[in-house]
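Colleague: As a plain string of letters, each chain reads:
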Amino acid sequence: MTTAGVYTPKPGAAPLTRMIAAQAALETKMLLRNGEQLLLTVVIPTLLLVLFSSVDIVDTGEGEAVDFLAPGILALAVMSTAFTGQAIATGFERRYGVLKRLAASPLPRWGLMAAKTLSVLVTEILQVILVTVIAFALGWSPHGNPLAVLLLLVLGTAAFSGLGLLMAGTLKAEATLAAANLVFLLLLVGGGVVVPLDKFPDTAQSLLGLLPISALSDGLRDVLQHGSGMPWGDLGILAVWGVVGLTAAARFFRWE
Amino acid sequence: MRSDPVVQVQALVKRYRTKTAVDGLDLVAGTGITAVLGPNGAGKTTTVETCEGYRKPDSGTVRVLGLDPVREAAALRPRIGVMLQSGGVYSGARADEMLRHMARLHAHPLDVDALIERLGLGSCGRTTYRRLSGGQQQRLALALAVVGRPELVFLDEPTAGLDPQARRATWDLVRDLRADGVSVILTTHYMDEAEQLADDVAIIDAGRVIAQGSPEELCRGGAENTLRFSGRPGLDIGSLLKALPADCTAAELTPGAYRVGGKVDPQLLATVTSWCAQHGVMPEKISVERHTLEDVFLEMTGKELRS
Numbered sequence: 002m003t004t005a006g007v008y009t010p011k012p013g014a015a016p017l018t019r020m021i022a023a024q025a026a027l028e029t030k031m032l033l034r035n036g037e038q039l040l041l042t043v044v045i046p047t048l049l050l051v052l053f054s055s056v057d058i059v060d061t062g063e064g065e066a067v068d069f070l071a072p073g074i075l076a077l078a079v080m081s082t083a084f085t086g087q088a089i090a091t092g093f094e095r096r097y098g099v100l101k102r103l104a105a106s107p108l109p110r111w112g113l114m115a116a117k118t119l120s121v122l123v124t125e126i127l128q129v130i131l132v133t134v135i136a137f138a139l140g141w142s143p144h145g146n147p148l149a150v151l152l153l154l155v156l157g158t159a160a161f162s163g164l165g166l167l168m169a170g171t172l173k174a175e176a177t178l179a180a181a182n183l184v185f186l187l188l189l190v191g192g193g194v195v196v197p198l199d200k201f202p203d204t205a206q207s208l209l210g211l212l213p214i215s216a217l218s219d220g221l222r223d224v225l226q227h228g229s230g231m232p233w234g235d236l237g238i239l240a241v242w243g244v245v246g247l248t249a250a251a252r253f254f255r256w257e
Numbered sequence: 012m013r014s015d016p017v018v019q020v021q022a023l024v025k026r027y028r029t030k031t032a033v034d035g036l037d038l039v040a041g042t043g044i045t046a047v048l049g050p051n052g053a054g055k056t057t058t059v060e061t062c063e064g065y066r067k068p069d070s071g072t073v074r075v076l077g078l079d080p081v082r083e084a085a086a087l088r089p090r091i092g093v094m095l096q097s098g099g100v101y102s103g104a105r106a107d108e109m110l111r112h113m114a115r116l117h118a119h120p121l122d123v124d125a126l127i128e129r130l131g132l133g134s135c136g137r138t139t140y141r142r143l144s145g146g147q148q149q150r151l152a153l154a155l156a157v158v159g160r161p162e163l164v165f166l167d168e169p170t171a172g173l174d175p176q177a178r179r180a181t182w183d184l185v186r187d188l189r190a191d192g193v194s195v196i197l198t199t200h201y202m203d204e205a206e207q208l209a210d211d212v213a214i215i216d217a218g219r220v221i222a223q224g225s226p227e228e229l230c231r232g233g234a235e236n237t238l239r240f241s242g243r244p245g246l247d248i249g250s251l252l253k254a255l256p257a258d259c260t261a262a263e264l265t266p267g268a269y270r271v272g273g274k275v276d277p278q279l280l281a282t283v284t285s286w287c288a289q290h291g292v293m294p295e296k297i298s299v300e301r302h303t304l305e306d307v308f309l310e311m312t313g314k315e316l317r318s
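Protein chains in written order, with my numbering: chain A, 2 to 257; chain B, 12 to 318.
Worth flagging that the hints you see were computed from the coordinates, not collected in a lab.
A hint or two may mislead.
[Claimed, not checked] Under the rule of at most 27 Å between Cα atoms (straight-line distance), these lysine-lysine pairs were calculated in the BS3-like manner: (1) B:Lys253 / B:Lys296; (2) A:Lys173 / B:Lys30; (3) A:Lys101 / A:Lys30; (4) A:Lys101 / B:Lys274; (5) B:Lys67 / A:Lys173; (6) B:Lys67 / B:Lys30; (7) A:Lys200 / A:Lys101; (8) B:Lys253 / A:Lys101; (9) B:Lys253 / B:Lys274; (10) A:Lys30 / A:Lys200.
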C-alpha cells in the first residue's frame with residue numbers, strides 16, 4: 002500500500018462559523034445521547050407538569066393548575082439545561098481532558114463558549130416546544146407579551162449558565178455532579194416552580210424571591226398567567242445574577 | 012535535511028508550587044523526528060505542554076514554528092497536532108464521530124475513512140469512547156493529532172501500554188508522517204522507540220537535557236562499541252587497522268582473541284570479515300556488543316529509565 006504524500010502538511014483552521022456550528026452540533030448530540038441529562042431536561046419537567054396539573058397535590062391558588070405550573074416548568078427547563086446539565090457536562094469534559102484537547106485545536110476558547118451557549122439555546126427551544134405542547138394539551142391558556150417572555154428566558158439562561166460554568170470550572174467533576182443535582186432539587190422545591198412562594202414564611206419568602214429560579218418563574222408567571230407588562234424587578238434580579246455569575250466564571254474557570 | 016528548528020526552547024524553567032519540574036532546559040528540534048527521552052517525572056510532559064501552549068514558562072523562551080505558543084496561540088494551533096497522554100474525548104462520543112468533528116475544525120483535513128482504516132479504528136463501530144480499549148483510545152488520540160494535516164505533531168508517550176502489534180502500527184504511521192515532511196516531537200521512556208524512530212534524541216533528567224544527538228552519536232559517545240572475534244594467534248594488527256575506518260581501534264587481547272572498537276555497523280563487519288578472507292583467516296566466535304541508549308542513559312544518570 003502506498004501512502005506517499007497523504008500526510009503532506011496542509012494546515013489551516015476551518016471558517017469560524019463552521020467550527021462553532023460543528024461544536025454546537027456535537028455538544029447537543031452528546032447531551033441528547035446522555036440518559037441522565039435527558040432525565041433532567043426532559044423527563045422530570047414533563048412529569049412534574051403532567052402530575053401536578055392533573056393531581057391536586059399542591060394548592061396552586063386560583064384558576065387552572067396548569068396556568069400556574071406551565072411558567073414554573075418553563076423556568077425549571079431553563080435551569081435544568083443552562084445550569085444543571087451544563088455544569089455536569091462541562092465538569093466532566095474538564096475532568097476527561099476534552100476542554101484541554103479542544104484548547105489545542107483551531108477552535109478558540111470563546112468559540113467553544115459560544116458553541117456551548119448555542120447548544121444550550123437549541124436544547125431550550127426543544128424543551129419550550131415540548132412543555133408548551135403538553136401544557137396546551139392540559140388546557141393551558143397563556144397571556145402576555147412574548148417579548149417579555151423571551152427576555153426572561155434569555156436573562157435566565159445567562160444567569161444559570163454563569164453559575165453552572167462557575168461550578169464546573171472550579172469544583173471537581175464528582176463534586177459538581179453532586180452539587181448541581183442538589184441545587185436543582187432545592188431550587189425546584191424552594192424556587193416557586195411547583196410550590197407557590199407564599200406557602201413559605203414571610204422572611205423566607207423575601208430571600209427566596211431573590212433566587213434566579215424564583216425571579217424567572219415569578220416573572221414568567223406574571224406575564225403568562227396574569228398578563229402583566231415587563232416584569233422589571235425579576236429581569237433586574239436575573240441580570241444581576243447573570244453579570245455576577247458570568248464574571249466570576251470568566252475569572253475563576255480552570256480549564257484543566 | 013535538517014533546516015530551521017521547529018522547536019526552540021531556551022533556559023526554560025517551570026515550577027509547580029515548590030516542585031521545579033523543568034530547570035533551565037535548552038532544546039532545539041529540527042525537522043524530522045525528535046524523541047524526548049527520560050524517566051517518569053523528568054519533565055518531558057511539562058516541556059511538551061509548554062510547547063503546545065498549555066503552560067506559561069516561569070522563565071525562559073519557547074518558540075514553536077517560530078511562534079510564541081501562548082501569545083501567538085491562534086496562529087500556531089491550526090499548524091500543530093497534539094496527542095495527549097490520556098483522555099481528550101467526550102466519554103459519550105464514538106471514535107469516528109470525534110475524528111470527524113476534529114476534521115471539521117480544519118480547512119484541509121485528511122480523509123477520515125482512510126485514517127480510520129489505517130489505524131484499525133473501524134472495529135470500534137458504535138462503541139462510545141469510555142468503553143473503548145486502552146489501545147483503541149490511544150490510536151484515536153493519535154488520529155486526532157494528525158487529521159488536521161499539521162506541520163508538527165506532538166505525541167506524548169504514544170505507545171505507552173500498547174501491545175506489540177499496535178505499537179508497530181503507530182511506529183509505521185510516525186515514519187510515514189516523517190516521509191511526507193511532517194515533523195514529530197515524541198516523548199517516550201522506551202529506549203527502543205527512540206532508537207527505532209528518532210533522527211534526534213534529547214535525554215532529559217531532573218528537568219534538564221543531559222545529552223542530545225542522533226541515536227548513533229549518543230551510543231558512540233558512551234562506552235565504545237565492540238566487535239570481537241577469534242582467529243589464529245599473531246595476526247597483523249597494523250594491516251587490519253589500515254583496512255578499518257580511521258577512528259577504529261584493534262587489538263589482540265590474548266593470543267588468538269581480537270577486539271575491534273569503533274562504530275560497529277554492517278560495513279565494519281564486512282570489512283573485518285573480508286580482511287580475514289584476504290589473509291586466509293577463519294574468524295570464529297564473531298560477536299558484536301552494541302551499546303544501546305539504555306546503557307548510555309544508565310551511564311549518565313545512574314538510573315534505570317523505566318520506573
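Colleague: Hints the structure violates: just list their numbers, smallest first.
Modeller: Hints 4, 7, 8, 10 contradicted; others consistent.
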